[in-house]
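Asker: With chain L held as given, fit chain D onto it using these hints.
Residue numbers (this note's numbering), protein chains in the order written: chain L, 331 to 624; chain D, 17 to 394.
Okay, the calculated bits of chain L under chain D, using three or more residues with CB under 8 Å as the criterion:
1. 480-490
2. 580-586
3. 599-612
Among chain L residues calculated to face chain D with C-beta under 10 Å, some are:
4. D350
5. H354
6. A444
7. I472
8. I476
9. H497
10. I544
11. E551
12. R577
13. S589
14. A593
Bear in mind the hints are in silico, worked out from the structure with no lab data behind them. Virtual Cβ for every residue (Gly too), placed ideally from N, Cα, C.
This is what each chain is made of:
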Amino acid sequence: MSIFIDTSTRLAVQGITGRDGSFHTQQMVEYGTNVVAGVTPGKGGQTFEAGDRSIPIFNTMDEAVEATRANASVVYVPPAFASGAIMEAADSGVDFVVAITEGIPVLDMTRAYAFVRDRGVRLLGPNCPGLISPGKGKVGIIPAQITAEGPVGVVSRSGTLTYEAVHQLTEAGIGQTTCVGIGGDPIIGTNFIDCLEAFAGDPDTRAVVMIGEIGGTDEQEAAAWVKANMEIPVVGFIAGQTAPPGRTMGHAGAIISGSSGTAEEKIRVFEENGIAVARRPVDIRDLIKEALGL
Amino acid sequence: MDIHEYQAKELFMKAGLPVPPGEVATTPDQAEKLAQELGGRVVVKAQVHTGGRGKAGGVKLASSPEEARKHAEAILGMSINGLTVQKVLITPAEDITSEAYVGVLIDRKKQSATFMVSPEGGVDIEAVAETNPDAILRVPVDPRYGLLPHQAYRMATFLYEDPKLVKQATRVMHQLYAAFSENSCSLAEINPLIVTPEGDLKAIDAKVSIDDNALPALPEVAAYRDTDAEPPSETKAREAALSFVKLDGNVGCCVNGAGLAMATMDLVKYYGGDPANFLDIGGSSNPDKVVAALEIITADPSVKVILFNIFGGITRCDDVANGIVEATKRIDIQTPIYIRLTGTNETEALAILKDAGFSAYTSMDEVVETAVQFAAQA
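Bound-form chain L, shown alone (with noise of 0.2 Å):
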């Protein structure tokens, strides 16, 4: 099993004829994710080719969830029309929207997200690199090369980080069954809990690596959820032991308010709560190993 998208998965894509779109439209085609519709305004009509598929681009999400029972979207939308595009998206009758797009203004977020919650649509970013599930689909940006069908759950505040964790469980002959990034704004959608919620309710999921950065208490709330919840094994990582204060490093989200966010804070909470924290990113392979008694 796999959590938030399997094969009955129908993905229609924002902003498919954009620079991003289009390349990752083509990649997740590869990867045998169903693709059934794209949409750029004004191009209604027109089609998308990608390998031996040719995927119908609408002007709205509404004709396209319409047309082609689309139930998920991602978001390659220009950040000053991403907002915009997740409120679409939510209101179109698909359950599942992925926001990729980077430097969404945060008020613009506070009211796209309460938008999205009041219709029951699960959101996952912006600012994020979306989700695989091995074997499955993907929806995002994750280079499907670097995973394998295995039974660890991977969830990440970061992209390229989460592709050096997942690259190194792989190459010891460990695969997943999704890794999720989750994003790195103040303001996202599904966090830590809800991915961990998730996992512990899919059979297949044996060991899950969770990788946090500084900023915020998401990671600290997550690990009280885990010690009151989870029967497999945590592994974490904290990203950012070196940052200094009141610097936002990259990541809109990730910065150190006053005392609060540190990396210090969260590997202690973390530790506190049972999880096993890796020091260096190779860590998490071998912690991982040794939770699933390999």
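Answerer: Chain D only, in chain L's frame:
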């Protein structure tokens, strides 16, 4: 982006908030003249992007224009938390009956803008939150409806009993929320909001941070950026669309992706070294970005070794390799470069580097440990 107090007060004034008059001086002469115009009794305040100005001696009361001049002489050029003071704000000295705190910020947990108000103003609000949490009222604002009248009134009555002050404070809440949302702030703070002996509210200090992501849509606010208040390397990095933070160590880092960049810095520390910077060259990086990154890193004289850590996903390793080779042609780099590349187009990248006389690693630990050892011996 942090803006200066005087700029924050401009935004507050536009929103109708009761801000006392004030002007900026860059020389003691100007300071004296402004003090004269404001009636002689003024406060001279250092304009730098850091807290603790008062403790550092950057805020002084002057009872005459001559004294304002003397204070300006002392404060201009002063270094506060590593930042040099280039400007002072001259503003009338106010008599204070009481001080409150009013701030709006983005609450990540509530996923909305949230007010924090406290009758204990003029001090660090984080300290109040620790020692006397009951003295702070938090009010989240539903982004769908904005600040509602009953919420503003509730906060006003939390701060004041006098109906006249409650009325003024209610208005202040709405005005502050307008300033916060119209300028896409991540923080807008009045600390302190004072009551004068005449029974009026005044915002005598202001702190505002603007959401970087909103700056393209707010050219007037974006123009507030003071490049004199940041290291030149950070200005150059921003212009090249690189995410960069200068640090104190000697291992220059060049990485793709923010999380991996942080993890690389941490690994430098793990092996006993000190990172000279955080630098994320971003996703779909072209060779020009790599050249700009190397220019920025090599301009720092404390850098003893340069470390590349690239995990190719969207970023193509061959692009980065071409950038490194191109940079060594364009600029004279004496500093040794240690490179780790893996992922998309790794084979092509390794061939490009080999032709140019570079060797590359595929393991992150190996390259970091080697680079740190070199820096320690250099």
